[in-house]
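Enquirer: Sequence:
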Amino acid sequence: MASAIQKIALNASRDIPFNKLVLSQSNVRRVKAGLSIEELACDIERRGLLQSLNVRPVLNGEGAETGSYEVPAGGRRFRALELLVKQKKLAKTAPVPCVVREAGSAILAEDDSLAENVQRVALHPLDQFRAFRDMLEKGMSEEEIAAAFFVVPAVVKQRLRLMTVSDKLLDVYEQDGMKLDQLMAFSISDDHARQEQVWEIIAQSHNREPYLIRRMLTEKTVRASDRRVRFVGLDAYLAAGGPVMRDLFEADDGGWLQDPTLLDRLVMEKLASVAEDIRAEGWKWVEVALSFPWGHTRDFAEIEGTPVAISEEEAARLTALHSEQETIEAEYAQADEFPEDIDTRLGEIEQAIEALEERLVSFDPADTARAGVFVSLDTDGTLLVERGFVRPEDVLADPEDHHDASEGDDDAVVYYSAGDDGEGREGASDNEPEDDDGLKPLSDRLLTELTAWRTLALRDAFAANPHIALTELLHTLVRDLYWQVSGVDCLEAYVREIPLRVHSPDMPGSLPAHALRQRNEGWQHDLPEDEDALWQWLDGLDDASRIALLAHCLSFGINALHESSHGPSLARSIRERLARADRLATALTLDLAEAGWQATVENYLGRVTKARILEAVREARGNEAADRIAHMKKGDMAQAAERLLEGSGWLPEALRTANAPELIETEEGAARMTDSPDAVAAE
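Under numbering that gives the first Met the number 0, the letters of the sequence shown match residues 0 to 682, in that order.
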């Protein structure tokens, strides 16, 4: 016969006057953490005591009960009640609900105290969110909820932000299918369908990092740090009714703008307004764009203006700024780095000096009547105004005709161009067909665009390395001398600027483009105004400046462009040129990823076959990543690949630089360096 299960008996509970309670020395909690005693007292004052105290009788020396009770479990609640008594908010004899353990129990007081603290389970964040939501729906404000639970309103806002997450994803989180930081990442968007789509994609991936979720949810938005936003101002966008996506859980630098079309319209309207003001200066034409192609002024003549004279007050201010700058730099010459406040001050000084030294320029009205202006955005979001460019048809053959030619001109015309594409992109379409999955060779146009990017980066690296630049010049001179290349001048060494008319839209705003522009503007500022004084000016330069200027000038002649060839002679010439470009790239340790190139749908992925897209992902992220997108249509695959390749440093073969060049012999017997014989054949 089975024995009956023995029934347990729970400890009795009763109300005990507070003045009969004392804090037990057996309470295991020693370290103060979490909610303070003062905050707990306020909470008890507001809602009463929610949890009884655990007590046991205090015995005298003979083992008899004294009528007092010690509190081994519930010490923080006891201290909070004690504080309320001191504040006269609670009577000393007020009854306190207690669970009483009998005297002489086999369960130690420390056991009870430890169990109460260890066996409690913290509230699940999702339960907290749902509780906050219910309280909000029943009329409490976010501030009232925050006050009730002694948290800042931002915490309540964060938890309530989870209301924007799909119920399906909340269920996944509740079942421990995702982490809290992943769930919080989904809260930046309120598009449930897109949230679920993103989860379906990354759920099959080993990479489920919150940053990837945020990036996928914001891929069709514009960061608040974008140059267009800095130009028009976030307030102007908000005033126009533009929505902004914010992240309450991470620093978002102002969030993401969800209406790029509205933003572009505001930018073009502001640029157009600036253009109207500039046209009032008397220019024949003003052309406006978000950005212009690289080398857009190449076919234009440029007129020179006269810098506006600096006032005595400005000259004194400039002298004082230079003096302060020199004093600070001398004082901290031996320091590894400037203190933060000193560094900030130096930045302010440099900006003030730049503003004073970059003088306004005045132009002859007769010149402005035949010339024009380009208005666009610089890479830092500031206005970029390029004045004084003359179209070839408006260039005067004889200076004496200058005045007559300007008379009778039509009113100035403003040309607006909202796109970023250059002349080389018109009518260009080399997108691969959806069903073409082979590793067919890249199109000539795509290769030209890729190598234009490489040429630009190579020029920047070349100009920044005078030693390599001088070596290359000497190589050219010695090669021409000892290989008997004919010359007709006293020195047949010249630099012919190679135009980069065909390029991807991202190239004009790239890091190499910005560096080359800055370097060129710096030298233009230093050059003498009179060409007759150039020789004397060059002769007076120190060796370091002479070599730096030489490298800068030579850089414009760098040509690493792919070109379609017709005939073996031209093909061999192009191979030789590209091989020399490879040698330069290796010597300069050129890294196009560090220079800012990364694969996008526009500049590569949308213009090659699916097989090449998968090859790129496989090389950068492995077979698993490639397999995850292999089933997609080409457009979706290119978009997914762009996200996967971001930050990987992957480069197409045409943009890679060899680490260990080999020395091989050319057909003419001249030694040259390249990646390998196979690489030359591939080129």
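Where hints are given, some of them may not hold.
Result set (DSBU-like, lysine-lysine): computed pairs, CA atoms no more than 30 angstroms apart in a straight line [to be verified]:
#1 Lys137 with Lys91
#2 Lys178 with Lys156
#3 Lys167 with Lys156
#4 Lys19 with Lys87
#5 Lys19 with Lys91
#6 Lys156 with Lys85
#7 Lys19 with Lys88
#8 Lys137 with Lys156
#9 Lys269 with Lys633
#10 Lys633 with Lys219
#11 Lys219 with Lys269
#12 Lys269 with Lys632
#13 Lys439 with Lys632
#14 Lys633 with Lys137
#15 Lys85 with Lys19
#16 Lys178 with Lys167
#17 Lys219 with Lys178
#18 Lys88 with Lys167
#19 Lys439 with Lys633
FYI, nobody ran anything at the bench for these hints, they're computed from the structure.
All of these numbers come straight from a predicted model, not from anything done at the bench.
Enquirer: Now, for every hint given, state plainly whether the structure supports it.
Expert: Tested hints:
Restraint check: the Cα-Cα separation between Lys137 and Lys91 comes to about 36 angstroms, which exceeds 30 angstroms; the hinted pair is violated. Restraint check for Lys178 and Lys156: satisfied, since their Cα atoms lie roughly 19 angstroms apart, inside the 30 angstroms limit. The suggested pairing of Lys167 with Lys156 holds, with an alpha-carbon distance near 21 angstroms, which does not exceed 30 angstroms. Distance restraint check for Lys19 and Lys87: the Cα-Cα separation of roughly 17 angstroms lies within the 30 angstroms cut-off, and the hinted pair is therefore satisfied.
For the hint pairing Lys19 with Lys91, the CA-to-CA distance comes to about 9 angstroms; that is within 30 angstroms, so the pair holds. Restraint check: the Cα-Cα separation between Lys156 and Lys85 comes to about 35 angstroms, which exceeds 30 angstroms; the hinted pair is violated. For a cut-off of 30 angstroms, the pair hint linking Lys19 to Lys88 stands: about 18 angstroms separates their Cα positions. Note on Lys137 and Lys156: the hinted pairing holds, with a Cα-Cα distance of about 16 angstroms set against a maximum of 30 angstroms.
Between the alpha carbons of Lys269 and Lys633 the distance comes to roughly 38 angstroms, so the proposed pair goes past 30 angstroms and is violated. The straight-line distance between the Cα atoms of Lys633 and Lys219 is roughly 18 angstroms, inside the 30 angstroms bound, and the hint therefore holds. With a C-alpha separation of about 23 angstroms, the suggested pair Lys219 and Lys269 falls inside the 30 angstroms cut-off, and the hint holds. Restraint check: the Cα-Cα separation between Lys269 and Lys632 comes to about 39 angstroms, which exceeds 30 angstroms; the hinted pair is violated.
In summary, the hint linking Lys439 to Lys632 is supported, as the alpha carbons are separated by about 18 angstroms, within the 30 angstroms threshold. Between Lys633 and Lys137 the alpha-carbon distance is near 49 angstroms, which puts this suggested pair outside the 30 angstroms criterion. Of the pairs offered as hints, the one joining Lys85 and Lys19 holds, with about 16 angstroms between alpha carbons and a cut-off of 30 angstroms not exceeded. Distance restraint check for Lys178 and Lys167: the Cα-Cα separation of roughly 14 angstroms lies within the 30 angstroms cut-off, and the hinted pair is therefore satisfied.
Proposed proximity of Lys219 and Lys178 is supported: the alpha carbons are some 25 angstroms apart, at most 30 angstroms. Between Lys88 and Lys167 the CA atoms are separated by roughly 48 angstroms; this puts the pair beyond 30 angstroms, and the hint is violated. Taking the CA atoms of Lys439 and Lys633, the gap is about 16 angstroms. The hint holds against a cut of 30 angstroms.
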